[in-house]
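Engineer: Given chain A, work out where chain B should sit, using these hints.
2 protein chains.
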Amino acid sequence: MRHPSGMKDIMENIQAYMQQVGIAARTASRTLAQADTSAKNRALGEIATTLLEQSALILTANSRDVATARAAGLDEASIDRLTLTEKTIRAMSEGLLQIAQLPDLIGAITDLNFRPSGIQVGKMRVPLGVIGIIYESRPNVTADAAGLCIKSGNAAILRGGSEAIHSNQAIAACVHAGLKAAGLPESAVQVVATTDRAAVGELITMKEYVDVIVPRGGKSLIARISADAKVPVIKHLDGICHVYIDDEADLDKAIRIADNAKTHRYGVCNAMETLLVAEGVAAQVLPPLCKLYLEKGVELRGDAACCALVPHMTLAVEEDWHTEYLAPILSVKIVTGMDEAINHIATYSSQHTDTIVTENYSRAMRFLREVDSSSVMVNASTRFADGFEYGLGAEIGISTDKIHARGPVGLEGLTSQKYIVLGSGQIRV
Amino acid sequence: MRHPSGMKDIMENIQAYMQQVGIAARTASRTLAQADTSAKNRALGEIATTLLEQSALILTANSRDVATARAAGLDEASIDRLTLTEKTIRAMSEGLLQIAQLPDLIGAITDLNFRPSGIQVGKMRVPLGVIGIIYESRPNVTADAAGLCIKSGNAAILRGGSEAIHSNQAIAACVHAGLKAAGLPESAVQVVATTDRAAVGELITMKEYVDVIVPRGGKSLIARISADAKVPVIKHLDGICHVYIDDEADLDKAIRIADNAKTHRYGVCNAMETLLVAEGVAAQVLPPLCKLYLEKGVELRGDAACCALVPHMTLAVEEDWHTEYLAPILSVKIVTGMDEAINHIATYSSQHTDTIVTENYSRAMRFLREVDSSSVMVNASTRFADGFEYGLGAEIGISTDKIHARGPVGLEGLTSQKYIVLGSGQIRV
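Same order as they appear, the protein sequences are chains A and B.
According to full-length UniProt numbering, the first sequence is numbered sequentially starting from 1.
According to full-length UniProt numbering, the second sequence is numbered sequentially starting from 1.
For reference, chain A alone in the conformation it holds in the complex (with noise of 0.2 Å):
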C-alpha cells in the first residue's frame, strides 16, 4: 500500500493530472502534426544549444538524483545509468543535432495512381498523435525520445523513473525554453511531475488522449505495462537471437560471424544467445570456435554431441534454449541441418534476429523466407540489428510485434499513413 490514508483522493488527483497533461498533449499534437520541417529542426537546434548552456544546471540536479539514489541504496549499474556528466550532455546535444538532419517524413505522399473512376489514390504519411514513453533510469531518453516525437510531429508524454525525477525536470526545462524560441507549444513534450505509479496506469489507458505507448526498460517493466496497456504498445520482451552455421558455410565468416555476435556486447538484446551448427561442419568449426570463447571469458553449455567435441562444455538444459542470458553464456546444439535449424528457431526463438551463414543460395533464401524474426540475415553479425546500421537514423526501440512496426523502429515507426484521394467532382454510380 503506497497511500495508507487519503489514497482515494491522491488517486483521483492524479486521474485528474493525468488527464490534463492528455488533454494539452492532444491539443499540442495537432499543431505539431501542422509544423514545418524549419521550425521543427529549429526546435531540436535550440534544445541542443539549450542542452550545453544550462548543463551546470543539470548536473546539480543529477547529483541530487544520485545521492538520493545512494541513500536509499540504489545498486552501482542502476547509479551508473542514472550518472550523467559534461560528456554525456554533448552526447545528447550532438543527438539531436543528428535528429534535425534526418530528412522530414511528415506530408510526404507516395503511391499516388489514377483508379478507373478517375479519382487518384495515394497515402499520406502522418504523425501517429501522442506518445506515451515509459523508461527506467538513464535521464538521457528523456531528450533522445523528445527529438524523435519533435521531429516526427507527435507530441510525447514522457515518464521516466522516479529516481531520475530531478535531472528529467531539468532537461525538460530545456526542451520547452527550445521549443518556445521555434515557437512551437510547450506542450508538445510533457514529463509527467508526480512519481506515483498511478500516473503510468493513468498513461497507458487514456485511450483518447495516447495513440501508443513505448517502454524503454527490463523485461519486467514492458511485460506489466503490455498486460495493462489499452493504448497500443511498441516493444519487444525478449532478444534470443540465433546463429546457424550451415554446413555450406565459409567456415572463416562463420567464426567471424559467431565470435562477433556473441563477445561483441553481452548485455544488448541482438547479441547471440544460442549457436545452432550443422553436423557436418561441427567438428571442424566448433573446436577453433569454442576456443575463442574460452578465452574471452564465455561459459558454453552444450547438447552431449558439443560437449563430446568441446572440452569445458557443460550439458545444457532445456531451459538454456529459452533464456536471454545477457551474459558471457552460450548454448549451442548440433543439428542435423537447415530444417532443424529452422525448427529449432521456430520453437525457442524471441523473433527478434536470427542469422545463417552459408555460401548455398538457396538455403539463403529459404531461410530468409521461412523464419518469422523481426531481423533475418545471411552472412552477417546478429549485432548489426539495429535502427543507425539500417540506416534509420534514430532510434527508440526495436519491436517484435508483426503488427505496425516491425524491427528497429526509428521516425517511421513513429508515424502512421492515410489514403488521399484527389478527384475533379467524380462520384460513384
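Hint data in this document are derived by calculation from the structure and do not stem from the laboratory.
Honestly, I wouldn't trust all of these hints.
To be verified - In silico negatives: residues of chain A with every beta carbon more than 12 Å from chain B:
# : residue
1 : Glu186
2 : Gly217
3 : Ala305
4 : Thr314
5 : Ile329
6 : Gln426
Unchecked claim - Covered stretches of chain A, going by a simulated chain B footprint (3 or more residues, C-beta under 8 Å):
#  : region
7  : 105-117
8  : 122-134
9  : 331-341
10 : 385-394
By construction, the Cβ of each residue, glycine as well, lies at the ideal position given by its N, Cα and C atoms.
Structural biologist: Using the frame of chain A, we list chain B on its own:
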C-alpha cells in the same frame, strides 16, 4: 446464465477445444506462409468450383438455418442477410477467382540498400500468421475471408454467427476440399464448431496462437471485442463522414458530390452523415441541394442558420453531430470557413472519411494534411472509401486505427514486413 449446470466443465472443454484449434492454425500457418503462388491460386480455384458443385447441399444447410432463425423470431433484415441463393453462391465463387487473379505480395523484397558497413538491408513482406475473424449472420463472409487469408498466406479461424452455423459448415467443407486438392493443410481455414460465446472469449485472448482479430458486424459486437481482446484488432467503430463545401467550390461538383455521398447508399460506413457549408456559398448551394435531399426522402437537421435558409429542416441538437445515422437523415451546419470546418471535423469525425469540395489549391492541400482521418478526399464522394475503388482488390474491412493498417484493408493489410540483411561476412566493430 447460458449453462445452468456443469458450466465449469463446459467452459474447460471450450477452452481445451479452442486451444486445439489454435495449435492447428499455428501449425498450418507455417506451411501456408511458405506456399507458392500457384498452390494458393489452385486452392482458390478448387474452392470456387466446389462451391458451385455443392450449391444444392449449401442451400439445404442454409434453409435449415433460416427455418431455425424464423422460428426463433429473428428480424427480417437479419434473415435477409442470412439467406443464400444460387446467385449469392455464384458471387462467392467469382469473388474467389478474383482474389486468385490479384498479385501475390508474400516474399516480395523492397527497399534493399547497401549500408556503409557493406551489409544490404531491405524489407520482406510476410503474412501475419493466424487471423481470427468474428462475424454475424452473412455466411458469404466464410468464403470471402477464407479466400483473402489463403492468398495472403495466413491461417484463418472463422467464428460466424450461431444462426448461420450449418451454412458456414457447408461452405467450410468446400474450402477444405479445395485446400486438400491443392496440397495445402485443411486446418489453414477452420470454422469454430461450437456456437458457445465462450469460444469468442478464448479466440480474442489466445495471443500465442492468434496474431490479429478482424470483427465484422455491428458497432456493439466490435466495441465488445475491442474491450476484451488481448490480440490486436483491425476495426472501425463508426463512420461519421463529412463533406465540407468550401466558398471556392465549384457548386455543380459540390451538389453532385454531396448528393452522392448521402443518397447513393444509406446504410454504409462511408456515407456522409454531416454536411458542412461555408457561409459565403450557403444561400446559393443549400436550397437546390436540400431540394434534392427532400425529394429523395432525406430528413434534414440543421443549425439555426440552415433552418432559416431551407424549409422542412428541423433544428439539430448536439447529439446529431455525434451520430452515425446509417439512414436517410443528414445533419447540416453552416461554418465561417475552412478553419471552423476542420475544427468541427476534429471534434466530431470518427476519423473514417472526410471530403473537401474546393477549387482553391492551398485549401485543398491544407485539408488533406490537417484532417486526421483514414481517408481524406478532395472533390470526390466519400463513397469511394472502399478497397475495390482504391484498387486493393478485395477488402476485409476498413480500419480507423493508426497503428498498422489504416483505411480499407485488403491483402496487404493482412501482411507485415520483416527486415532482411544480406551480408558477406560482416561483423560489427
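Engineer: It remains to establish, for every hint, whether it holds in the given structure.
Structural biologist: Going down the list of hints, with the structure as the test:
1. Glu186: 21 Å, holds
2. Gly217: The claim stands: glycine 217 (chain A) keeps its Cβ more than 12 Å from every Cβ of chain B (closest is about 21 Å).
3. Ala305: 26 Å, holds
4. Thr314: 27 Å, holds
5. Ile329: 20 Å, holds
6. Gln426: 5 Å, violated
7. 105-117: holds (count 4)
8. 122-134: holds (count 4)
9. 331-341: With 0 residues close enough to chain B, the hint is violated.
10. 385-394: Coverage by chain B holds here, the residue count being 4 at a Cβ distance below 8 Å.
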